[in-house]
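Two independent chains are provided; combine them into the complex using the hints.
These protein sequence lines map, in sequence, to chains A and B. Numbering-wise, the working numbering comes out as the position in the first sequence, counting from 1, plus 348. For the second sequence, position 87 (counting from the first letter as 1) is numbered 78 according to the working numbering, and the numbering increases by one without interruption.
Simulated from the structure, these hints should not be mistaken for laboratory data. One or more of the hints may lead you astray.
These stretches of chain B come out as covered by chain A in the derived footprint (C-beta under 8 Å, 3 or more residues) [stated by the list, open to error]:
hint	segment
1	10 to 20
2	61 to 75
3	78 to 90
Estimated spans, in silico, between C-beta atoms of each pair [as the list claims (entries may be wrong)]:
hint	chain 1	residue 1	chain 2	residue 2	range
4	B	T28	A	R441	30 to 38 Å
5	B	R30	A	W1120	35 to 43 Å
6	B	K76	A	L405	27 to 35 Å
7	A	W357	B	A60	17 to 25 Å
8	A	R435	B	R30	37 to 45 Å
9	B	A60	A	S482	33 to 41 Å
10	A	I1234	B	A60	53 to 61 Å
11	B	K76	A	E602	31 to 39 Å
12	B	R43	A	A389	26 to 34 Å
Beta carbons: idealized from backbone N, C-alpha and C, even for Gly.
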Amino acid sequence: MSSHRPPRWARALAHRFLPDDVVGDLQEGWAARLDALGARAASRWYVTQTLRHLGALRSRTSDSEHTHPVSTRGASPVVKGGSLVDRTRQDVRYALRGILRHPVFAGAIIVTLALAIGVTTTAFSVWEALFLRSLPVEAPHELVGLYATSPDEGALNNFRGYMPISHPTMDDVRDRAETLSGVFAFGQYSVTVTTDGTAERLDVQFVSDDYFQVLGVPIGRGRAFSPSEGVVGSPAGVAVVSHAFWRDHFDAAEDVLSRSLVVNGRSIEIVGVAPAGFHGTEANNVPAMWLPAPLFADHPSWGGFLDNRSAQFFFSVARLAPGRTLDQASQEVDRIASDLAVEHPDIYGNQGLQLVPTAAATVAPSLRGTLFGSTTAVLGLAVVVLLIACLNVAGLLIVRALSRTQEIAIRSSVGADRGRLAVQLLTETTVLFGLGGLGAVFVSVWAQDAISGIPTPLLGGNPLNVEPNLAVVAFALALTMLAALGFGLAPALRASRADVSLTLRGGTRSLGGRRSAVVRNGLVVAQLTLSIVALVGAGLFLRGLDRAGTLSVGFEAEGMGMVSVELVAAGYTPESGRVYYREVLDAVRAVPGVQSAAVGQWRPLSFSALLPVAKTAEGFADPTVRSFVRADAVTPDYLETVGLELDAGRWFRESDGEESPGVVVVNRRLSESLFGSESPIGRTLVYGPAAAEATVIGLVPTGRYVTLDEDPQPALYAPLSQMYVAEATVFARARSGELPLEAVRQAVQSVNRSVPVYEAVPARDQIAGALWNTRALAALMTGLGVAALLLVSLGVYGLVSQSVRARRREMGLRLALGAEPTQVLIATVRGVLGLVAVGATAGVGLAAVLSRPIAPQLYGVSATDPLTYVTVVMTLAVVALLSAWIPARRAAAVDPVDTLRADG
Amino acid sequence: MSRDTLGEFEQLVLLACLRLGVGAYTLAVADEISRRTGREASHAAVYVALRRMEGKGLVASSLGDTSSARGGRPRRFFQVLPEAKERLREARDALLTMWDGVDGWEGVT
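Excised from the complex, chain B in its bound form (with noise of 0.2 Å):
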């Protein structure tokens, strides 16, 4: 497997980033994640995910205010990056190219 194809992981949390849009921040992105997959998804994995693809060039962080709620501690906001988007669209088709025609697959054991 080439070393610049997403992993599916890598994947999820990209697609929650591009779903929350500019409110995306580690909490969210697992909260995301979790909600629509239906899988627990670990704070952890996701913020190593992120950073990691932040130093690939993927996505762009920045920090935001700090709020009480938070004990005065910032949120720190990913921005997914168009090389990201690319990847994404390139897996997407993958896929797709992948899936199509494969007919009655159920049934196979």
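So that you can see chain A by itself, here it is in the shape it has in the complex (with noise of 0.2 Å):
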């Protein structure tokens, strides 16, 4: 039951514009009908209650605008024959009647623009809801983000310079910071929650005490941590939930406040729901609950982040004090960095702090760049398809404007004023751009419904929240009327001027003229243009995802799987711990067809904590040659299984124990950002949160660790009986061909049933998640570009149809003059021929200009990759000579003796 919900869209609809208490009722309407009626006929009424509250509220709106005059009784002095209000209504209803003896027509352009705008809408609300929109918390203007600088270039790809901090770098800077009212800190991990006894991975923030207290976001229900829970030791376990957590897994219970829940084995009481737009600071860190950073100051892999200066794993916000400036509060953050490199130079020694301002993006920084990129392409490539579409929307506009011109030139021979006219003429456009934007309204709200629907990875899984407010509302608006005002407004004057003698005398013969054949050509030469510049972009994202499959990850996907556990939960200990992970596997080797299994901390192509590095073996002494790397705790089967390649020296054995001295395996950037050219086989190093020294035992090309477009990243490798870790991945190899993953899923599961088992995937899907981003662009892309191709046929289409209407006199004289018809199909295709070298030149070159920013999302494809754009001016070359083919082929199908005599 419920699986079932009533259709998203109607819900939408429902949620955006009806009062709550008809929502409510819809609801409970539809939930009774389910039960009684099943699902369809529930869906059906509930859509055809929301459709006629929806046309109630209509209706209700215009009624409250006229109630005045109904109700003084003939006292209005508006509603009179002859008034404006009479006028308009009456130019409303000529323009209705219009459409409807139209209905192509009208129909085409009212679906053109409204896909055109909705989708452009569309495309600005994401951009909007990553980029423009302030967090829902007090004062939004006065918090920024707290972040780590640092000139080793390793730890500034991964947070692309915008690196996490300490937990007591973060306490420093709340203790000594003047400029500064209130600091907190954040960490995002994943947890096993189990709630009425399913367990499940969700992730959580650990943050400071004083989290919401410093963002001003009030606790709609129960209460927010007080100080005395943000003490390490406290024994209350607590939490504060998010409000889709409590809709979905309480069902928006009143009593969530005496409900609990156990968060990694550990039993906590919930004392908050965080109120319904709030998801946190960071749009691609949305938690289901926040939970006190020291409740897990006793976790295995965690413990000890709190009171550790190297546990950079901390994100920060910082509020401005009443009266500062964000350069006040950034001069102060750099004596307080400076004071601690003095106090601390094995850790500060080569960072610094910084403040960014977060009210304008709610991305952190350190994905802003990549996101940035490519919705403002997105959002770039659909408003030049938006363009093709009003240019196709004027052309056909000025075709029938021009179709009227009879018709206009026998109003105003009869005494029509002429201002009235093009009033009329303008007023119609204005029901039609009218209706495109209410359908656009309708297609950004389905869409962004979809979108708000869509698991994200590039957001950790967690779909993007767009929802339609004003900022997207006002945008379609202004898209509306700027279409209205470019595109309508012209087309619509031009008609209301038609010279009435001439008209009268020659018939259609107007229909040729040439300044309008000029008009309709640089229409046509626009959208080719605009289609240029639409189809590369497409087609370079295409090239893109291509390249971007064959490069190499470092690791052999194929006939491998994983499947992840947390042993937290269970109550593992260290010692207890490895021994569950050597039955695990002996479990998996025992599943028929694998043939090699083995434990390692971080799954391919995910996100991966950072740890310090150094290559002396006195602590972190030297601080200039600190990095902070991927640090993955493997078992020897480690390399075989994942496939893996060694350059230099040797991988770990089962030798390689608790007990026995450190070893580490560096990957090639490391080795060269430690020890340069020299190799690194042999020499030592000290590593993580303690400290621990270690000999480099062998050394491994540099993989790609997070996503398939990083630079190169230094990574190491330590077994896992040496940097014991409580969560991690089970890789298993097939024999051959397909990898019985359930199996090893089930056989994982039986070591011990109360050990959560999560995310069984084989590894081609892990590729695939870190492809997402650019699969999901290429495929927006290549929408984007067939709908301009589309759009620009259209428009050549009746281009030509229009030119061989109006010269079917010019083609039957030449016709009767002998020409054959193959000439003048030919004369007619090379005029389209022209329209499209002079649109390809202008289009390739804007193309070229328009595409350099988009250059780093296509994994080495050049933006002017020659083979992008020969193919798309070929495409575009066949499409408009198709286009133009068909209409053509009529005009040498002329009768001579037909339109001579007609015309005569």
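So this is what it looks like as structure tokens:
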């Protein structure tokens, strides 16, 4: 039953536009009908009632506008014959009648506009959600992000210059800064949450106790954390759950505050529910709940995070004190960083601190660049398609205006006021565009609703939270008005100026007027130019996707699968955990068809925490060589199972145990950054928050660890026996062919039923996940490119059929004088080829300039990739010629006698 | 027809409210009308009628408690005010007066 829901789009409309009590009634009525009549009837009822309510809402609004004149009975100066309102009403009625008389023409314009404006608005709403929307908190402009800076390139690459900080650093800034009125830290982790006996992996945030107070987020139900809950060793296990978690897991129950849940095996009391619009401070980190940071100070992997200055696992946000500016605060934070560098040179020697405004961007700054480039590219392309659509609509309107010159000439000859005619034509245009705009709102509400349901790997698997809001509606409205003014006004005015005597005498002769032909040719050339831009954009992303698929990822995906486990919830200690891993590997190896199995801390191509590393054996004494690297704890079979290559030295053996000397394997990038061109084998380094000392025993090539387009990242591997982790992934490789993944999962689960086993996926899917962003972009861009191609072919078709119609007499004459039909055909098509040549030249130039910013997302494909450009121009030429061919054949088939007689 | 007369649908809505008493909210009213008259009463029509009558001072409304079955949204309960009861009585009296003495009409074509 819970799997049924009213149709998404209807629900979205109801939630957006109808009062709460009505939405509640609809929900309740739907549920009653679901039980009594079934899902289909219930949904039909829901949709009908929602639409009726919306209709009633509309008429209610317009009723209220007219309440006064009606109730004052006849005293209304507005509703009188010939008044402005009356005339406008008459014009609107006339326009609507016109639309009904030419449904295909009007429908084509309305649908084109609705789709084009709707798509552009949707693209804008995504852009707005990522880069414009303020956080729903008190005075969001006062919030600043606090990040560590480091000259070390390895670290910079992974966080693009915005590094997390340690909890003690946050404490120091909070205690010392006078320009900041509050500072809090948050770290997002996956944990096992058990509600009503069902365990699942969820992202949660461990936060400072004053998180909600500093943000100024009012807790709707219950309370925020109290200061005592922020102290290490505090026994209180408490959580503030997100509104979505409350809705989905507790069915929005009123008594949620008396319920409890289990997080990683520990009982947690729910003390509050966050308000509906609040999803944390970053769109890419949406937690299911917030927990006080000290809660897991005793966690085997995360323990010691809170008082370890090397454990840079927290992001931090601060609020500027009243009257203080970002500049003042930045200077003070710089001073604090210098002081810290003096006090703890081993930690802060090569690090600074920086403040970044957060108000205008809810995306973590490390992701902002990537997301900004791609979403802006999509928005830009959507605008290009919108322009093409508008040019197309303008072409249609001009043609229609021309075909109506006779009607207009007659009307003005019988005394219709020219200004009045112009207003009437403008009204028609406005009604058409208005309906298009209305359609666009529906398109974008539907699309936004769809987007909100798509989990986005780039946002940590969370859907992007797009909601139609004032900015988005204003954008759609502005687009519609701009389109109407820019592309509807001119045709309307032009038509109202029809020359009476000429038109009446010459019939449709004015259709072929030179000036209008130039205008229409111009419109088509502009469309051709813009569609080259759209198609090049799409083509480049497709080429990039193609290239990304061939990248070496550093592991052998075919025949490999992964299953993750989490040991804290089941109460494992490092000792019992090591035994557990051994038992799991034995169980997996016993699965028929499995060739080898291994345990590793991180999944390939997924986020992983970074640990500090330095080459000296004297702790982190020489801070200038301290790097942050991806450190992976693995078992000896990892090399063979994952398909890693070994460039030099040796891999781990079973004999590299807990008690034996520390050993690590480094990748080439780390080797170069620590030891230059010398061989790393036999050198020593220290790594991790505990500064464990280890000898380098092997060298592996640099793989791709987090994303496919990352710069080479430093990484090291340590034996799991020497670097215990409580959360890990079991890797299994098939003897041949497909891996029996479900059997592997069951084997892992069979070792201990109380250990949460999650995310059993083939390695192939992991790569697909990493490619999701590129693939989604390529799909979007291709969709827009195809739309552009379709629109431009319609434009060319319209132009040629129009000109063929206008030049019937000329064609007839030529044929009568002995021209071959093929010659007429060729002459017509040649004209189109000329337009394509002009449009393509301009388009290629424009595309080369506009595609430059997307180059970094193309996996090495050049933004001026010749193959793409040639293919695009050829495709466009073929499509344009085909679109011209059909109407041109009509020209060649003209019967000369008929045309000349009709004209005589 | 005087502006003050209740329309047939308004009468049905008000009578349903009176039948339901304190439990009169739009969904229940619409269901009550459908069940008793056998005619489908649209939720939107009932809601619009109730809100319009509220504007005329014929009914009063108040929001009830939220419930999870309704996605955390409240019910709006309607109460029939004396003015409406007076008009209902007038409407019934008018009809009964008109019916009085009309016999054998079913045979008339």
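Hints versus structure:
no. : hint                          : in the structure
1   : 10 to 20                      : holds (count 3)
2   : 61 to 75                      : holds (count 7)
3   : 78 to 90                      : violated (count 0)
4   : T28(B) / R441(A): 30 to 38 Å  : holds (36 Å)
5   : R30(B) / W1120(A): 35 to 43 Å : violated (52 Å)
6   : K76(B) / L405(A): 27 to 35 Å  : holds (29 Å)
7   : W357(A) / A60(B): 17 to 25 Å  : holds (22 Å)
8   : R435(A) / R30(B): 37 to 45 Å  : holds (41 Å)
9   : A60(B) / S482(A): 33 to 41 Å  : holds (34 Å)
10  : I1234(A) / A60(B): 53 to 61 Å : holds (58 Å)
11  : K76(B) / E602(A): 31 to 39 Å  : holds (36 Å)
12  : R43(B) / A389(A): 26 to 34 Å  : holds (29 Å)
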